[in-house]
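> Now for the letters of each chain:
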Amino acid sequence: MASPVEELAGASAIDPGIEDVVANSGRNRGTAPPGDQTMIINMGPQHPSTHGVLRLVVEIDGETVVSLAPDVGYLHTGIEKTCEAKFYQQVVPLTDRIDYLCPMTDNLAYCLAVEKLLGLEIPERAQYLRVLFNELTRIQSHLVWLGSHAMDIGALTVFLYCFREREQLMRIFEAVSGQRMMTSYIRIGGLSMEPPRELYGTIRAFLKDFPSKVDEYEGLLQNNPIWMNRIKGVGYLSAENALALGVTGPPLRASGVDFDVRRDMPYSGYEKFQFNVPTSTIGDVWARYLVRMQEFRESVKICLQALDGLPEGRIVADAPKIILPDREQMKTQMESLIHHFKIVTEGFGVPAGEAYSSVEAPHGMMNYYVVSDGTAKPYRVHMRNPGFATLQALEVMCKGQLLADVVAVIGSIDIVLGEIDR
Amino acid sequence: MYDPASAIRGRQAVFEAHSENAAVKALADLATDAKFDRDELTITVAREKIGAAMEAMRRAGYNFLEDVTAVDWYPSEPRFLIVYHVLSMAMKQRVRLVVPLDSDSASLDSITPAWPAANFYEREIFDLFGVHFAGHPNLRRIMMPEDWNGYPLRKDYPVEGYR
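Those sequence lines, one after another, are chains Z and Y.
Oh and the first sequence: position 174 is 174 in my numbering, straight run, nothing missing.
Take any residue in the second sequence, note its place counting from 1, add 1000, and you have its number in my numbering.
It is possible that part of the hints are untrue.
[As the list claims (entries may be wrong)] Some but not every residue of chain Y turned toward chain Z, in silico, with C-beta under 10 Å:
1) Gly1061
2) Leu1065
3) Val1083
4) Pro1145
[As the list claims (entries may be wrong)] The following label-pair restraints were derived from C-beta to C-beta distances:
5) Gly349/Z with Glu1077/Y: 39 to 49 Å
6) Thr1032/Y with Gly349/Z: 37 to 47 Å
7) Gly349/Z with Ser1107/Y: 33 to 43 Å
8) Asp215/Z with Ala1114/Y: 29 to 39 Å
9) Pro93/Z with Asp1156/Y: 23 to 33 Å
10) Gln1012/Y with Gly233/Z: 37 to 47 Å
11) Thr345/Z with Thr1032/Y: 34 to 44 Å
Everything labelled a hint here was simulated from the structure, so no lab data went into it.
All of these numbers come straight from a predicted model, not from anything done at the bench.
Glycine included, C-beta positions come from ideal geometry on N, C-alpha and C.
Whenever a hint applies, use it, and build me the whole structure from the sequences.
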């Protein structure tokens, strides 16, 4: 009798993607599963635990995962191609939409690459504010991770608590940029505007309260035996595998590799801040939870240092041909009006060359590769997003586990399909 | 502002100026061209040598492959540049390896067997640029549907798609 895997090989007429999965299955790679009792099941793209439109095709033996193949591309909108048809400054709003949980980090990574191409010096005040809002974004992104991860496993309450705090952050982002999610606040050469003075008090009040809220989440989860049993010892990833498969960020640190771009290759003035990089050597879902819970507290520390040390000064670089002039000046001074008109209608030329920027996003290492041919539009923009590489490690983490644990593992790598498909 | 005169161009000049760099030492025999621009080291290697070059990089301490991507310089030749970014976490140093490819022979050896992290990236280049990677375990489209015509990130592919 033909096994289900072989039968499915002829099913491509019904489902074109299935060929991909069959070629990827454990049997066809020479690691034969125990017996021929395996079955292929389709998880997603519309599955509540896949956080978007991730399709996983899982080969199972009973309830044990034999092999697993992710199928991505359902959210592919060709942002890299669109960037090539826009002016440099018009790309910033596109970067918000890549990783929609950490728009400020995307903005920063892109702006750092273009600023490197231009050779712009960013004022210290802008650098501090960039750090402040990047860390608030990290807290916001981790809150979504914690809430949805707990909800996937069945602890619904935590979701509501997390989104209560996230709402406060959304209001802060709205106050500073006018938008809750697609902020486009960090621009080439600096920031789009000065934050309102009274906002600093709001941020301080939030940061004062927030550590006690983290204790609250820990109390809700770590005293919950179901949660502890579902995540301990599940989805192990060794340090060697994590490095070989390109895993970065909290999953890499939870596997025992002590690497954080903020500390090891500092950007935007991170070298002036004191913080710890939480790591763990356990390497499972529980370790990734521990690392991210510690990152909450470290981010609060960095935010407070940024607020305390915030220098006075300009928030944009001194480059009138690149940065839009102040509204008031634009209406009263002829030269500013000319600069404004030229930037808006024909953009600004960027010296030919290539630049690579690397930042530590909430999900891992986010790098932008920008190539310029000397014109006002980027010749090529490539994003190295953490989720795309981390997804390669999903099979290693899920193999030999129960099917229900796949949900826990997906939650623990904090997947955002927007950044994977771009 | 950026000063184009600050860049060091040419294999000889870069290898003399950065003779202590681990990547420069490792690739002394394999590099065909080099550039040091905006604090970034770019080393060009020939298509046949990419496997050997990546192996030499690994021995020199570059333990992490960050990404693989491509740039299409249509209509000039060599048309495609395959770009590898390799990082050493111990030395905190990044190097860019570049492989130029002509349009009539847009293929090179896959590094996925030695660097599993390259798997999805090479599939992405195959999908969006139409560059073939010999020896890749599963070279199929990853973003676009299987039956898609054309390679969207090529410069002769219109932004709005074919109508």
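> Hint by hint, say whether it matches the structure.
Results for each hint:
1. Because the beta carbon of Gly1061/Y sits about 13 Å from the nearest beta carbon in chain Z, more than 10 Å, this interface hint is broken.
2. With a least beta-carbon distance of about 6 Å to chain Z, the hint placing Leu1065/Y at the interface is held under the 10 Å criterion.
3. For Val1083/Y, the shortest C-beta to C-beta distance to chain Z is roughly 7 Å, which falls under 10 Å, so the interface hint holds.
4. Restraint check, Pro1145/Y versus chain Z: the minimum CB separation of about 7 Å is within 10 Å; hint holds.
5. With their beta carbons about 25 Å apart, Gly349/Z and Glu1077/Y fall outside the hinted range of 39 to 49 Å.
6. Hint check: Thr1032/Y to Gly349/Z, Cβ distance near 30 Å, so the stated range 37 to 47 Å is violated.
7. Against the hinted window of 33 to 43 Å, the Cβ-Cβ separation of Gly349/Z and Ser1107/Y comes to about 35 Å, which satisfies the hint.
8. Under the hint 29 to 39 Å, the C-beta atoms of Asp215/Z and Ala1114/Y, about 46 Å apart, miss the expected range.
9. In this structure the hint that Pro93/Z and Asp1156/Y lie 23 to 33 Å apart at CB holds, the actual value being about 27 Å.
10. Between Gln1012/Y and Gly233/Z the CB atoms are about 56 Å apart, so this pair departs from the stated range of 37 to 47 Å.
11. Against the hinted window of 34 to 44 Å, the Cβ-Cβ separation of Thr345/Z and Thr1032/Y comes to about 42 Å, which satisfies the hint.
Checked against the numbered hints given earlier, the structure breaks hints 1, 5, 6, 8 and 10 and satisfies all the rest.
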